[in-house]
Amino acid sequence: MVGKLKQNLLLACLVISSVTVFYLGQHAMECHHRIEEHSQPV
Numbered sequence: 001m002v003g004k005l006k007q008n009l010l011l012a013c014l015v016i017s018s019v020t021v022f023y024l025g026q027h028a029m030e031c032h033h034r035i036e037e038h039s040q041p042v
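Under our numbering, think of the first position of the sequence shown as 1, with each following residue one higher.
The set of hints was computed from the structure by calculation and includes no laboratory data. Ideal Cβ positions, reconstructed from N, Cα and C, are used throughout, including at glycine. The reader is advised that the hints may include incorrect statements.
[Stated by the list, open to error] The following label-pair restraints were derived from C-beta to C-beta distances:
1) M1 x Q40: 31 to 41 Å
2) A28 x N8: 24 to 34 Å
3) M1 x H38: 50 to 60 Å
4) R34 x L9: 35 to 45 Å
5) M1 x H33: 41 to 51 Å
6) I16 x S39: 27 to 37 Å
7) E36 x V15: 29 to 39 Å
8) K4 x Q40: 50 to 60 Å
Construct the entire structure; sequences and hints are all you get.
What follows is the structure in structure tokens.
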């Protein structure tokens with residue numbers, strides 16, 4: 001039972017970390033695009 005709980009916690013941590021990485025990646029891309037738009041002369 002304890003082993004199953006540890007497995008579930010590990011899975012939860014994995015999901016949370018991948019979601020966090022994905023979210024941060026999306027945010028970083030958005031910021032990068034904005035910076036590129038601002039740096040280009042109109």
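Review point. If you check each hint against the structure, which ones fail?
Key: Result: hint 1 breaks, nothing else.
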